[in-house]
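S.K.: Please put together the full structure from these sequences, using the hints given.
2 protein chains.
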Amino acid sequence: MKEDKRANLTTESDELSKKALKKQQREAEKAAKKAERKAQIQAQQDAVQEEDISVGKYGEIGLIQSKEKHTERKFTDVKNLNPNLENQTIWLRGRLHTSRAKGKQCFIVLRQQSYTIQGLVAVNEKVSKQMIKFISNITKESIVDVEAVVKCVPSKIESCTQKDVEVHIEKVFVISVAKPQLPLQIEDASRPVGETDDNALNIKVNQDTRLDNRVLDLRTPANQAIYRIEAGVCKLFRDILTSKGFVEIHTPKIISAASEGGANVFTVSYFKGNAYLAQSPQLYKQMAIAADFDKVFTTGAVFRAEDSNTHRHLTEFVGLDLEMAFKYHYHEVVDTIGQLFVEMFKGLRDNYAAEIEAVRQQYNVEPFKFLDPPLKLEFKDAIELLSEAGVTLGEEDDLSTPDEKLLGKLVKAKYDTDFYILDNYPLAVRPFYTMPDPNNPKASNSYDMFMRGEEIMSGAQRIHDPELLTERAKHHEIDIEKIRSYIDAFKYGCPPHAGGGIGLERVVMLYLGLDNIRKVSMFPRDPKRITP
Amino acid sequence: MKEDKRANLTTESDELSKKALKKQQREAEKAAKKAERKAQIQAQQDAVQEEDISVGKYGEIGLIQSKEKHTERKFTDVKNLNPNLENQTIWLRGRLHTSRAKGKQCFIVLRQQSYTIQGLVAVNEKVSKQMIKFISNITKESIVDVEAVVKCVPSKIESCTQKDVEVHIEKVFVISVAKPQLPLQIEDASRPVGETDDNALNIKVNQDTRLDNRVLDLRTPANQAIYRIEAGVCKLFRDILTSKGFVEIHTPKIISAASEGGANVFTVSYFKGNAYLAQSPQLYKQMAIAADFDKVFTTGAVFRAEDSNTHRHLTEFVGLDLEMAFKYHYHEVVDTIGQLFVEMFKGLRDNYAAEIEAVRQQYNVEPFKFLDPPLKLEFKDAIELLSEAGVTLGEEDDLSTPDEKLLGKLVKAKYDTDFYILDNYPLAVRPFYTMPDPNNPKASNSYDMFMRGEEIMSGAQRIHDPELLTERAKHHEIDIEKIRSYIDAFKYGCPPHAGGGIGLERVVMLYLGLDNIRKVSMFPRDPKRITP
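Going line by line, the protein sequences match chains A and B.
If you're matching positions, the first sequence starts at 1 in my numbering and goes up one per residue.
If you're matching positions, the second sequence starts at 1 in my numbering and goes up one per residue.
Note that these hints are calculated values from the structure, not bench results.
Don't take each hint at face value.
Label-pair distances were calculated between CB atoms; the ranges are [stated by the list, open to error]:
1) A/Val55 / B/Leu371: 26 to 34 Å
2) B/Arg100 / A/Pro373: 41 to 49 Å
3) A/Ala389 / B/Gln207: 43 to 51 Å
4) B/Lys380 / A/Ala354: 44 to 52 Å
5) B/Lys482 / A/Ala122: 29 to 37 Å
6) B/Glu125 / A/Gly245: 51 to 59 Å
7) B/Pro83 / A/Glu366: 54 to 62 Å
8) B/Lys272 / A/Lys133: 36 to 44 Å
9) B/Ser485 / A/Leu201: 48 to 56 Å
10) A/Ser308 / B/Asp307: 32 to 40 Å
Non-contacting residues of chain A with respect to chain B, defined by C-beta distances greater than 10 Å in every case (computed) [claimed, not checked]:
11) Asp52
12) Ser159
13) Ser256
14) Pro367
15) Lys442
16) Ala489
Quick reminder that beta carbons are idealized off the backbone N, C-alpha and C, glycines included.
M.R.: See below:
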């Protein structure tokens, strides 16, 4: 049977101030409670009037406190419901996504993560009116256990992911009740960008409302997909590097001295003194190289006390960092990292197609394009491309964010790739530990990598000689005593090495073509937000 | 040829104070520099006196700044050197582990991570006396590139990992020079516990000296193995859970309120306000469950501002955390975690045998024993076992650390396992969010897991009902307003769930039977140490 779309009567709106919204919620809750009490009394009266033939087949089962095991109930996942199961009796646990009573029957949609199935219950010799009433009163987002029979449908159910079958419900037990008034509606939070709802109220859920109610917001199909893709990026990063002989290490987040001069570092009270939160695991990765681990990676939190309120800055993010000893030329490392990205993009394309499609359903963006092997440009080529487009840069200038964006477009137009490597940056714009280019005193053995015109990783050959490192630090007017332990790490023999740090959230955001890093950080931290 | 053990003449000793040691080092460095200058002058004089037939075959090549690529040099790993390569000319890059000149020849041992090979160079028609002299003067731990011919040896070389072959050196270039005076000797740091050195000086390197010079200390075979095993535990944890349908998530370390009452929490200056470092990712794992992710795990730094200076406490460690929705009974989760451990132990045993053996070479402990399926005891069984051994505990008492140790021994004696699960702890000794046992008002649906008698994970069914959670928080005299967002996470429907947190370093320490958690944390943090 085909299900009509239910009228959307939510009162939620971004135009309302939070206070007004809260007041409205309180009133609605009161009204709902009143209605509930009334319904209960009515139900009791009904029960007196008419015997309930469905007793024991529905109800609230109370808090699951691990008293029973119910091992006889065989649960099926919604995503596995298909015509092969026709006429089988199954158990399902899911959320009540929507419900609509219509005379003597009730349609519901059950949701399990991103998957939905239509359920039908109608008054008959086994199903009482009271049971229909109970089901139609279950609040949206409540979790229910359902025993039902799988049935094929004559025409596809377009509003559900399982289009060829529905379930005819025989038992319904409420496992966990949702409050009647939700601060946001899953339908609103899931609505494709640019699409209006059926009532043309044009309800959007803004970013702060989403983040304030993250537990609800994360239930949308796009969010279910985004965080599985993010997990996929981490898995691919680790698996690919492990297969190349890298060893995972863990580096401390609490450090005794601000690693790069002291700006943008969070201070921690550490017993009777102070400590700092690491802005990068770089020193520790380099120490692991000096300690013969040869190739290492680490994934974990990195912290930036930067008061940047942009679409791409977080104060805490996940760093995917690697460092690698090489024989004679840092391009051995650049090529390894470039190949890592190509393999990651292939892995996402091949193993996460359904998730990528789910994100595209809501945020319609161009698929990500890449070349194999990846495109590698020199900084001077970038200057030239920009110059041809009318933007003039000196050979020792860094690229601004708009320059990078423009460059991304020029590269895409010329090479048809959303990923590329920019090598051989000016020495003047890189940190003191960057190895100078032996062939050009103004250049350095350093590189950034870009996705859709935004930087997602920065790296370099590091200076592994304590004398040159000291000299370069002095040139940058850094207090040598403060970085003594860094310099000392190279006193007992260290192979030449290079590496880099990748921002996980930026990779996910730009791979999917999303416009805000808060969409890809489950619980984002920025200068104005440290909750929930 | 067989290599004698070189006399160990290090001046390093734990009995010396640090200051004295530093002074001594400075003097030794001065003396070494003087000697070096003298040697250089002598070498120049020698060069005048005698033409050097080996010119261009040895020397310091200067800083590798990525000028050349030397793609013609085919490098071989030391671990792959075997009789099949006899008479082949190869390149090796490794550290000069030891060297010993003896008349017209010089023996060296080259080390690459945990692998060592003997090298020989003797004066002949291609090798000059000057070259021998140069090689014998290379400081220990310097990194060298060597071109050499692989040769089989008539009797095994017991002092190297590659026992059946040696290399006859034709070229030697120093890639990175180590300072002549090392703060600790790799031989001393590698010496098996209880074994004296050849000179019976009984030199041990104490823990602080090791940690202060971690870049050297980490080069020992045991340390090379320990951190590969640690990487293995993480990989197994993630791979096993991913195969069971868990999704990796990332949880913030910076939080707005102290999650468990405020004790033992580090404070962070956050722009104009304060924030805290998360003691556990628990709230966020639970929010992911309430947000339909069903089964989640996360690995990352957790922080405890506890002034505990013990063998098993760190202020920052790596948490392996998981959380899982279940249908009706939290034992679904306990069994999943128990099976996870069994699979991890099997994975370590099967895939990391060489590394485990390398650790046993230095720290000789009993191999780790486990049962499949794992042993699960109830708390009351533990009370009984302890009582039989003469230790009486009330039914609402927690186990002290000595109780746990004793219990570990009793369990080992009775069941022959180093791993077991202790289920159904008293409610009184568990946090407020622990689900009470429906069958026993004094018990709770909570569990700890133990390795060699020490707790390595703690977990429970969590209360997923906002009303009961509020009631239990009040019972624990917790300010409800401070945990409002935690309670609110369960207002919109949440499945029953349970989980736990595992301390990575404890698992590695106890699996290997080591006596100090600082041996398994690459850069440990405790109340007295935040460097390097």
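S.K.: Would you pick out the hints that fail for this structure and give their numbers low to high?
M.R.: Structure breaks hints 1, 3, 5, 6, 8, 9, 13 and 16.
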